[in-house]
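**Q** Build the full structure now, drawing on both the sequences and the hints.
2 protein chains.
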Amino acid sequence: MVERALDLGRTPEADKVIQVALRNFARRGYVGTTTRAIAQSLEKSPAIVYTYFKSKHDLLYQIVLQGHEELYLKILAARDSETTPVPQIQQVAHTHATFHAQHSDLARVANYELYNLKPSALKEVLEIRSRIQNTVREIVVEGSMDGLFHVADLDLATIAILSLGIDVSRWFRSSGRLTIEEVGLSYAAFVLRLLGAIVPAEQMTPSTWPHRV
Amino acid sequence: MVERALDLGRTPEADKVIQVALRNFARRGYVGTTTRAIAQSLEKSPAIVYTYFKSKHDLLYQIVLQGHEELYLKILAARDSETTPVPQIQQVAHTHATFHAQHSDLARVANYELYNLKPSALKEVLEIRSRIQNTVREIVVEGSMDGLFHVADLDLATIAILSLGIDVSRWFRSSGRLTIEEVGLSYAAFVLRLLGAIVPAEQMTPSTWPHRV
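Chains as they are written, first to last, in the working numbering: chain A, 1 to 213; chain B, 1 to 213.
Simulated from the structure, these hints should not be mistaken for laboratory data.
For clarity, every value in this text was computed on a predicted model and none was experimentally measured.
Glycine included, every Cβ here is placed at the ideal spot set by N, Cα and C.
The reader is advised that the hints may include incorrect statements.
[To be verified] Derived list of chain A stretches under chain B, where covered just means 3 residues or more per stretch with a C-beta under 8 angstroms from a C-beta of chain B:
(1) 25-35
(2) 52-62
[Stated by the list, open to error] Restraint ranges, calculated between C-beta atoms of paired labels, are given here:
(3) B/LYS44 - A/LYS16: 38 to 44 angstroms
(4) A/PRO46 - B/ALA47: 29 to 35 angstroms
(5) B/LEU122 - A/GLU181: 27 to 33 angstroms
(6) B/GLU181 - A/GLU127: 28 to 34 angstroms
(7) B/ARG131 - A/ASP146: 28 to 34 angstroms
(8) A/LEU73 - B/ARG129: 40 to 46 angstroms
(9) B/THR34 - A/ASP146: 33 to 39 angstroms
(10) A/ARG131 - B/GLU13: 27 to 33 angstroms
(11) A/ARG177 - B/SER41: 39 to 45 angstroms
(12) B/GLU69 - A/ARG131: 36 to 42 angstroms
(13) B/GLU181 - A/LYS16: 46 to 52 angstroms
(14) A/TYR115 - B/ASP155: 43 to 49 angstroms
(15) B/LYS54 - A/MET145: 56 to 62 angstroms
(16) B/GLU181 - A/LEU122: 48 to 54 angstroms
[What the hints assert, rightly or not] Some chain A residues flagged as far from chain B (calculated, every beta-carbon gap over 10 angstroms):
(17) ALA39
(18) SER41
(19) LEU42
(20) ASN111
(21) SER120
(22) VAL125
(23) LEU126
(24) ILE128
(25) ASN134
(26) GLU138
(27) MET145
(28) ARG177
(29) GLU182
(30) SER186
(31) ARG193
**A** Okay, structure coming up:
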């Protein structure tokens, strides 16, 4: 997966420690990963980890925090690229799904390992999660007030929108049939439908889709 | 979480080992859980695990296999409780979402830890996953052929339907605002919408919902 796009590290070597830790956390879980295993993947002694990070927990914290910050900024930019709820939620859903496809290791660690964070670190991350959720919720609320969306439970609709994107990091494979862009476009259409905005079938098949098998 | 409804164990003691293993796998991951930790949670020696199971892997295999079998049977029963695609997909989506809410530990282990299974065990589990996916896909196909559903990519729509249910096990808390039944009803409606079947807003709010805060 392409994780390199994210500026998670400070120096090339610290960045390498983060990339290897991330891959280990994603494959073996945070609890199942030792600093020794991270160092071994780098063919170094465990000291390499402690040169840049206070602890294994510090590594998880840096990864999860910066992953959330990066996603939050992208979600804000997606919202601000449009001015009305329908295109705004399309842009946000597209960004959310493609982020989870492109950075699937990072997303899985951020979504499934965050409860291994200590209370103060967890609190900080949960605040960013709330901000992401509120950004989506505000668009859903505005669209509902404008009569564009029709949902019974604004919070549950918001959760379902985020669920669709989050689960992409579980199933998406870059070697699979669909490109990241195809997933993003389809998910933007799915989200509009989920909100009760009527989408014609044609809009579900962008003509630019390359039909790969 | 209510895991007791599932008949995972053979004897009360073997069942207890499974329940404790399941909780540990869900909290700490499979790799992060030792047989010693499982035995310690039971206040027994590690021999207790080996009395009933060949290995930690055998425990994971039994849990993941039986969890998938249980879900598959429930999905089939949901489908067979109706005869046409619209109510069938509603029943299936309801069953899928409520199963992931009710058995959230089991579902998380089955969905996020299955790649820790050895090849032959993994193959067996992936076959049941395929059968679940095909059951959903067949309804989507039939509904599309009948002009009831309108989707551009049958496989991606199927994945998105399953994604919504799977992610319930990540976010649902029985102490939260919504009951399992409310989530099931809402998700049945979300899935119909995702498929391009038009659902009136009233149907998104069952009048029987207790409005808990």
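**Q** Against this structure, judge whether each hint is valid.
**A** Evaluated hints:
no.: 1; hint: 25-35; result: holds (count 6)
no.: 2; hint: 52-62; result: violated (count 0)
no.: 3; hint: B/LYS44 - A/LYS16: 38 to 44 angstroms; result: holds, 43 angstroms
no.: 4; hint: A/PRO46 - B/ALA47: 29 to 35 angstroms; result: holds, 33 angstroms
no.: 5; hint: B/LEU122 - A/GLU181: 27 to 33 angstroms; result: holds, 30 angstroms
no.: 6; hint: B/GLU181 - A/GLU127: 28 to 34 angstroms; result: holds, 31 angstroms
no.: 7; hint: B/ARG131 - A/ASP146: 28 to 34 angstroms; result: violated, 43 angstroms
no.: 8; hint: A/LEU73 - B/ARG129: 40 to 46 angstroms; result: violated, 35 angstroms
no.: 9; hint: B/THR34 - A/ASP146: 33 to 39 angstroms; result: violated, 55 angstroms
no.: 10; hint: A/ARG131 - B/GLU13: 27 to 33 angstroms; result: violated, 47 angstroms
no.: 11; hint: A/ARG177 - B/SER41: 39 to 45 angstroms; result: holds, 43 angstroms
no.: 12; hint: B/GLU69 - A/ARG131: 36 to 42 angstroms; result: holds, 41 angstroms
no.: 13; hint: B/GLU181 - A/LYS16: 46 to 52 angstroms; result: holds, 49 angstroms
no.: 14; hint: A/TYR115 - B/ASP155: 43 to 49 angstroms; result: violated, 32 angstroms
no.: 15; hint: B/LYS54 - A/MET145: 56 to 62 angstroms; result: holds, 59 angstroms
no.: 16; hint: B/GLU181 - A/LEU122: 48 to 54 angstroms; result: violated, 30 angstroms
no.: 17; hint: ALA39; result: holds, 17 angstroms
no.: 18; hint: SER41; result: holds, 14 angstroms
no.: 19; hint: LEU42; result: holds, 19 angstroms
no.: 20; hint: ASN111; result: violated, 7 angstroms
no.: 21; hint: SER120; result: holds, 20 angstroms
no.: 22; hint: VAL125; result: holds, 15 angstroms
no.: 23; hint: LEU126; result: holds, 13 angstroms
no.: 24; hint: ILE128; result: holds, 16 angstroms
no.: 25; hint: ASN134; result: holds, 16 angstroms
no.: 26; hint: GLU138; result: holds, 19 angstroms
no.: 27; hint: MET145; result: holds, 14 angstroms
no.: 28; hint: ARG177; result: violated, 8 angstroms
no.: 29; hint: GLU182; result: violated, 8 angstroms
no.: 30; hint: SER186; result: violated, 5 angstroms
no.: 31; hint: ARG193; result: violated, 5 angstroms
When the structure is compared with the earlier hints, violations turn up for hints 2, 7, 8, 9, 10, 14, 16, 20, 28, 29, 30 and 31 and for no others.
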